[in-house]
Amino acid sequence: MNTVSSPASLDRDLAAIVGASHVSSTAFDINGIVPAVVVHPGSAEEVGAVLRLANERALVVAPAGGLTRQQIGGVPERIDILLSTARLNKIEEYDPGDLTIAVAAGMPFAEMQRRLGEHQQWVPCDAANLERSTIGGLLATGAAGPLKSTFGHMRDFLIGIQFVTTDGKVVKGGGRVVKNVAGYDLMKLLTGSYGSLAVMTRANFKVFPRPRQTRTFICSFHSLEETLQFRTRLFQSPLTPMCMEIISPRAMEYLRNPGPVHDPDDYVPEQPLSLPAEEWQVVLRAAGSDNVLARYARELGTAVTRTLEGVREEQFWRWISHFEQSVLARHQNAMVMYTHLAIQSVGPALQAMERAAPDYNLIPAAVGRAATGNLVLAFLPLSVDPPSAMQYANCVSAFRGMLPPGSSAEVAHCPMEAKHHFDVWGTTPTDVNMMRAVKRAIDPKNILNRGRFIV
Amino acid sequence: MDSSILRQLKKIAGKDAVLDRPEELMLYEYDAGVDKHRPGAVVFAQNTQQVSQIMRLASEKKIPVVPRGAGTGLSGGAIARREAIVLSLARMNKILEIDVPNQRAVVEPGVVNLELSNATVKHGYYYAPDPSSQKACTIGGNVAENSGGPHTLALGVTVNHVTGLEVVLPDGKVIELGGKAQDSTGLDLTGFFVGSEGTMGVVTRITVKLTKLPEHVATLLAIYNTVEDAANTVVAITQSGVTPAALEMLDGWMVRCVEANVHAGYPEDAAAVLLIELEGMREVVEEQAKAVSEVCLQQKAREVRHAKDEKQRQLLWLGRKTAFGSVGRVSPSYYTQDGVIPRTKVPYTLAEIERISKKYNLIIGNVFHAGDGNLHPLILFDSRDPKQTENSRKAAKEIMACCLKFGGSITGEHGVGLEKMGLMTAMFTEDDLEVMVRLRNAFNPESILNPQKMIPDLHFCREITGPLPKARIEPVEGVQA
Numbered sequence: 001m002n003t004v005s006s007p008a009s010l011d012r013d014l015a016a017i018v019g020a021s022h023v024s025s026t027a028f029d030i031n032g033i034v035p036a037v038v039v040h041p042g043s044a045e046e047v048g049a050v051l052r053l054a055n056e057r058a059l060v061v062a063p064a065g066g067l068t069r070q071q072i073g074g075v076p077e078r079i080d081i082l083l084s085t086a087r088l089n090k091i092e093e094y095d096p097g098d099l100t101i102a103v104a105a106g107m108p109f110a111e112m113q114r115r116l117g118e119h120q121q122w123v124p125c126d127a128a129n130l131e132r133s134t135i136g137g138l139l140a141t142g143a144a145g146p147l148k149s150t151f152g153h154m155r156d157f158l159i160g161i162q163f164v165t166t167d168g169k170v171v172k173g174g175g176r177v178v179k180n181v182a183g184y185d186l187m188k189l190l191t192g193s194y195g196s197l198a199v200m201t202r203a204n205f206k207v208f209p210r211p212r213q214t215r216t217f218i219c220s221f222h223s224l225e226e227t228l229q230f231r232t233r234l235f236q237s238p239l240t241p242m243c244m245e246i247i248s249p250r251a252m253e254y255l256r257n258p259g260p261v262h263d264p265d266d267y268v269p270e271q272p273l274s275l276p277a278e279e280w281q282v283v284l285r286a287a288g289s290d291n292v293l294a295r296y297a298r299e300l301g302t303a304v305t306r307t308l309e310g311v312r313e314e315q316f317w318r319w320i321s322h323f324e325q326s327v328l329a330r331h332q333n334a335m336v337m338y339t340h341l342a343i344q345s346v347g348p349a350l351q352a353m354e355r356a357a358p359d360y361n362l363i364p365a366a367v368g369r370a371a372t373g374n375l376v377l378a379f380l381p382l383s384v385d386p387p388s389a390m391q392y393a394n395c396v397s398a399f400r401g402m403l404p405p406g407s408s409a410e411v412a413h414c415p416m417e418a419k420h421h422f423d424v425w426g427t428t429p430t431d432v433n434m435m436r437a438v439k440r441a442i443d444p445k446n447i448l449n450r451g452r453f454i455v
Numbered sequence: 456m457d458s459s460i461l462r463q464l465k466k467i468a469g470k471d472a473v474l475d476r477p478e479e480l481m482l483y484e485y486d487a488g489v490d491k492h493r494p495g496a497v498v499f500a501q502n503t504q505q506v507s508q509i510m511r512l513a514s515e516k517k518i519p520v521v522p523r524g525a526g527t528g529l530s531g532g533a534i535a536r537r538e539a540i541v542l543s544l545a546r547m548n549k550i551l552e553i554d555v556p557n558q559r560a561v562v563e564p565g566v567v568n569l570e571l572s573n574a575t576v577k578h579g580y581y582y583a584p585d586p587s588s589q590k591a592c593t594i595g596g597n598v599a600e601n602s603g604g605p606h607t608l609a610l611g612v613t614v615n616h617v618t619g620l621e622v623v624l625p626d627g628k629v630i631e632l633g634g635k636a637q638d639s640t641g642l643d644l645t646g647f648f649v650g651s652e653g654t655m656g657v658v659t660r661i662t663v664k665l666t667k668l669p670e671h672v673a674t675l676l677a678i679y680n681t682v683e684d685a686a687n688t689v690v691a692i693t694q695s696g697v698t699p700a701a702l703e704m705l706d707g708w709m710v711r712c713v714e715a716n717v718h719a720g721y722p723e724d725a726a727a728v729l730l731i732e733l734e735g736m737r738e739v740v741e742e743q744a745k746a747v748s749e750v751c752l753q754q755k756a757r758e759v760r761h762a763k764d765e766k767q768r769q770l771l772w773l774g775r776k777t778a779f780g781s782v783g784r785v786s787p788s789y790y791t792q793d794g795v796i797p798r799t800k801v802p803y804t805l806a807e808i809e810r811i812s813k814k815y816n817l818i819i820g821n822v823f824h825a826g827d828g829n830l831h832p833l834i835l836f837d838s839r840d841p842k843q844t845e846n847s848r849k850a851a852k853e854i855m856a857c858c859l860k861f862g863g864s865i866t867g868e869h870g871v872g873l874e875k876m877g878l879m880t881a882m883f884t885e886d887d888l889e890v891m892v893r894l895r896n897a898f899n900p901e902s903i904l905n906p907q908k909m910i911p912d913l914h915f916c917r918e919i920t921g922p923l924p925k926a927r928i929e930p931v932e933g934v935q936a
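The listed protein sequences correspond, in order, to chains A and B. Position 251 of the first sequence, counting from 1, maps to 251 under the working numbering, and the rest follow consecutively. Just add 455 to the spot in the second sequence (first one is 1) and you have the working numbering.
Isolated chain B, as found in the complex (with noise of 0.2 Å):
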């Protein structure tokens, strides 16, 4: 990185808050998925202004910046190449406000997703968005990928929840989007924007939804002898007119695997297990509880297990919420996929993962969101072995593959990103495309932010944008459309 560049960076953030030698740098070059790449500099904002004049530098200068909150992704959203800048939002950190009275809160982006609810409850409510990394992800990451996580099935994603941004433009100028309305006049921005990976704008503060704590949780863990059967469980639940706050599913696999890492109670001898939990008043809780449970015997679950109490409640979602970690235990690399399928085939499409880890001879572990058909096959492999890691990425383009000839996604909540760009030509039309990237250019006009992310670099894009920025990311290897 040019040293003027760093110079000017120090002198907007301060010395203490611009990183750019190579073994602090190398702190920053990854996130939570596959990909690496060292950026030239790390600089932490700790205002709006220092963001807004850190964007307006990368500007003149044709510097791409990447936001990056915790950098837990799992598609390499907040991944930069070396000429880029990654601006982390980790230290503006702060709750601004809790505005009980209008169930809203007020944050700064780099709060982390568990502090914010840990702050509400003892006014008796939460945030609700809930995605497996919320000890460490941070909400204006949340907001960058609308992320998800087990209890959206009831209650919605991040975009549900979020009513108000304020947001850096890469030129520095800071606009508002929404407030603490529910909605407001005119085109609604704010739910456009989230999602939007960092390709728009630097989110500097969000307004949030509260949710009331329910007043009544139920947990059940339902066990099978087959996968088929938990399968048909999940689909017959969607179709009883009951709708659960969440519905997960682990294969026998997963359930040895947590098992050996946290003593979830899981029996280690299951196919599969589903782990349901339904909130809200008292009686309605009660009949769904014991409805849900009718519906999972009836479809050969053998036995339904109910959290008797808030420990072994916590237990169950233990197993749950360690699955990757405790998958990180046994294996030396796995790869974690995001495909989302209709609820209805998903007895079916756990049936062809099934038939391609045969094919590849890889163990594939499933631990996903069963409610809104979002997979997450876990592909283990070793990558000293060049065959398996070139089997894994096989495996992994026909996994998402099957969930394209059913109408599915190629990601629920983990983003497109880096990883995923080569596959949107498999979803969308070099129409669908080129419309986005207008849309986008209306925010972005010269990709200065996280450039060439999300929306593969086709023809189009020089035509309507002109020369990109230095910054180039080569196709991510093996993950091809």
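This is chain A alone, in the form it adopts within the complex (with noise of 0.2 Å):
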């Protein structure tokens, strides 16, 4: 493990900015590399001097909230400053009556969720850890959840935001009201880009009312084909559920309370391995009252197996939504990919994730938004004979190339020394070179998360 001290006169200089009890060291490392210096502005004119001294001294800064989702992408070269959101955490306006809300970027997404509970509102995000993921970094990493079905993710509702850049200006784009096209939509560009282009500082969000009733549907099937022609007769269908989960049989292994944890990567699946779990699931999930919900049932008809409701229900749902932090608990080493596929590209993908995982000792597993192509898939390395750094390379390569073409999967979880033999990223329909002119304009000294993202 890579480990710096900052040099005294940076600490003493970020002091000046912060004031001293703002400023810390840490354990916490990314992908590694442990940064030199901790410092916690308190407004976004701190965040501007901050980057502004970084930059000038050509300083790697790396932004952060919770710190769930720093570990995804390249392994950075260096991390000079830690720049912590964390004081930033007020909610600035909430209009209960207009649907909209602006909150400082470093308050975590739960507690904002609370708040716009009290109004039978919310922002329809369900992605993991939500009490911990602060509003700035779930942005940031495009994160989502089964509701992005329907929903979208948060893209779609930001309706404005305030970020700083590395020369140290305070910049908004969009606005409070939800409809909105004067200027450049720098909402679309700063969601997803994982703090490479700029320091997010504040969103104004679009919320909506919260469902009042919901029952979830299970249907099972014994095969991808018979799961996939039963997906494109519910396309056919009147039926517009809020949430379409597939479930590949392995999976389901994760979406219930973890037994006792032997050894992180003791792979012991509740029915013995010699019983092959062989059921997909596909699950629904309604919102409307008792008639609508009938309405469901009936069309729905034998295919389902298992209905949930109330609190059984949300407990799946949060399952589902952890997926990938419940297998990662299981196993530390095991590699985990998220998808962006055509929606008649996710057959070939789980085929692909069947064929590729047992050539390199990987068993894969995989949950995800069967309507719009965000999969999470999971590869699971065997205990009695764990793969070498190669194989998972070899792996994501094999997997990669029988993708359909226009499909894009990144690595968000892998052994760190597995990072050094393929590119986390990989490749993306979108033109890359365009990617890193755009990061140049913003961003020129490379100073923001430098080695981490495709830019």
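Hints are supplied without guarantee of correctness; some may be wrong.
What the hints assert, rightly or not - Below, a list of computed lysine to aspartate or glutamate pairs in the EDC-like style, where the Cα atoms sit at most 20 Å apart: (1) LYS628(B) <-> ASP431(A); (2) LYS491(B) <-> ASP837(B); (3) LYS745(B) <-> ASP290(A); (4) LYS169(A) <-> GLU885(B); (5) LYS439(A) <-> ASP837(B); (6) LYS664(B) <-> GLU279(A); (7) LYS439(A) <-> GLU901(B); (8) LYS445(A) <-> ASP837(B); (9) LYS860(B) <-> ASP95(A).
Hints were generated in silico from the structure; no laboratory data involved. The structure presented is a predicted model; accordingly, all values stated were derived computationally and were not measured.
Now that you have both chains on their own, put them together as the hints suggest.
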């Protein structure tokens, strides 16, 4: 592990900006790199002063929120300053009547959601770890959960943004109203930019009325083919479920209360491996009155094997959101990928996963958005014969090679040693040179998250 | 326009694809807004390769290029100056692919918005964004302006329905952004590009989402004796938990204007009407229609009518969609505004508009997307009367100031273009605009494409960009921050 101690002069200069009590050190590492110093600015202007100082001295800055998604991405060359948004944690304005809210970027998402809940409203995002994850961190990583199927992800309800550029400018895009085309759409640009363009300090959202009643229908099938046929029938039906997840046979293992952990990499299924888990599932969540939910039950008919409501339903969806976390809790050497697929590429991608994994001593499991092609794929190492770093790299390359054109798949998590053998981001249909030109335009010295993101 | 340039354009696009005679150019000197300028030449590209060659030529010779679709824009985005070339994409009008299993269509930029829905409806799908000009406007133009429409309240505006773009950069290079997948690894340049008003690149191919036709639609007309009651209903519906597919408002003056033209069945003595549409599963729509009717009646609607069949529904919408045209019958000139306010401020803002109308002694009609808080006050004036023309500009300025006072926006869907450029500094700081210019320059470093639109020419522009191409656009008369 590389540790760098910051020069005392840097600490002093940072303390002059934010106050000595807001400059500290940390043992937290990002892919093995420990930041030299942690700074907690208390305002956008202080963020600006820190960035200006870093920019002048060409110091590498990693913006940070709740530290839940920092390990996603390439191994950083070095991190001079971890810039924490923790002190930027206020709700700045909330107008329940107008269904809009303005929050500082360092506020934990769940805190905002609780406040909205008082008015039966929400920002429809059900990514993992919402108690710790901050608004800024979720936006920066473009995080989403099953609700993405109907509501889209954060970029689709982000109506305004404030961020600080590396030259210290406090900049805004959009505004406080739900429809607005004045100026470029900086909200779209910053969402999913992994802190590589600027440091977000405030976000304005349009919020939604929260459904009062939901029900979940679990439908089981013997093969992927049957599962996809069922999905096609759903697309053709009048049903408009709020969530539509596809779950691979092995993934069910991770959608329940975790049992005792023997060894992080020990694969101990509740059912012995000799009884192969073969059932694929499509899980639908519908919102509406009794009458509406009855219609779902009628239309789905005998395809439904289980129905969930109330507390058990909530728990089940939390497990789906936390699939990746529960995999990693049990297998620290598991590999997790996120896919971006056209609707009809979901089947081929799942087949590619099932074919690629066993060749490299990995067991495949998948959960994801059947209607949007955003899957979370887990590759679980066999404890008896753990894969080498190269095997991860080869598995990724074999998997990506089988994906239909226009797909992209990034590796969100894998053993650090493996990251040196391949590009975690992979190829993408969007012109990468153009992305780099945008990065250079806004962070010419490449001080933000150097080496982490695709740009 | 220099004759050697014209020769080269003809060589690229064909003899019949270049216009340069004054009587031909006259047709390209305006859009649906207020500004007017005659371009140096018009060239019609037929494919991506021609667009690329035209852009390379323009870049080499430093000639500004203004891309243009159907010219239905309202903010001057497609208007060019004398030294500039208008690059029309209207002949690139093929639907390249309808991919029902992936719920996508791939189209050329010149495809007319409504034609795409007409082509996909037999598969049970349609293209959701529906600007009022959808019978004429092109999807390429919609991408440039990030167009809205009445039905974007629940389903989102153009940017929510575009997943892929092929773009020609000013130097002629062709790049891809996104594709058929909902999103892709890396920066969301597709989302960033939509709404860039032709200042970043020329779109030559667009992949859009197709939306499943709803099982059931309910269309309601709520009739009011006061504007205030109608405005309060908008607030109450927003808070009720129902998101209608569309929630439109017309004031009494507009109602009478529309009735005189198309007989949509709106009651002529109403002070205001709300046109409300609900879409989705039958059970959901029936429940929501009941709930919305109750809200309307609680807010003192005099009557709530339900369209009984598709014919009645189309008639109600005909009134809304022909509103602008109907105004043209009664007034020699009108000036369409496009302000946005928080929805809770609709009642207050309408009262303000009423006050402004009296102050300048001008009729101001209101027809707008109430559910989004996106106002379209129409200021009527006689352009032959300089005093009235002057007053209409002043009234417009006051309305915009009122929107900004509430943290609103100077444009919800028509774009900044030429018309609103002077107002950008009222909404954004120099730092905000400077960052936008830097980002634009990543795509369009020499401002060859649509120069001096959208972002006003502040001192930093020259510092970052260097000398601009020759075409200088004078400040828009009367509209200033």
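For the pair supplied as a hint, LYS439(A) and GLU901(B), is the alpha-carbon distance within the 20 Å limit?
-> holds (18 Å)
Restraint status (C-alpha distance of LYS860(B) to ASP95(A) at most 20 Å) | At roughly 16 Å apart (the allowed maximum being 20 Å), ASP95(A) and LYS860(B) satisfy the hint.
Between LYS664(B) and GLU279(A), does the CA-CA distance stay at or below 20 Å?
-> violated (31 Å)
Sort out whether ASP837(B) lies within 20 Å of LYS439(A), counting only the CA atoms.
-> violated (50 Å)
Do the alpha carbons of LYS491(B) and ASP837(B) lie within 20 Å of each other, as the hint requires?
-> holds (17 Å)
Given pair status - ASP431(A), LYS628(B), alpha carbons within 20 Å | Holds, at roughly 11 Å.
Holds or violated: are the alpha carbons of LYS745(B) and ASP290(A) at most 20 Å from each other?
-> holds (16 Å)
Going straight from one Cα to the other, do LYS445(A) and ASP837(B) come out at no more than 20 Å?
-> violated (56 Å)
For the pair supplied as a hint, LYS169(A) and GLU885(B), is the alpha-carbon distance within the 20 Å limit?
-> The hint holds at about 10 Å.
The structure shown violates the earlier hints numbered 5, 6, 8.
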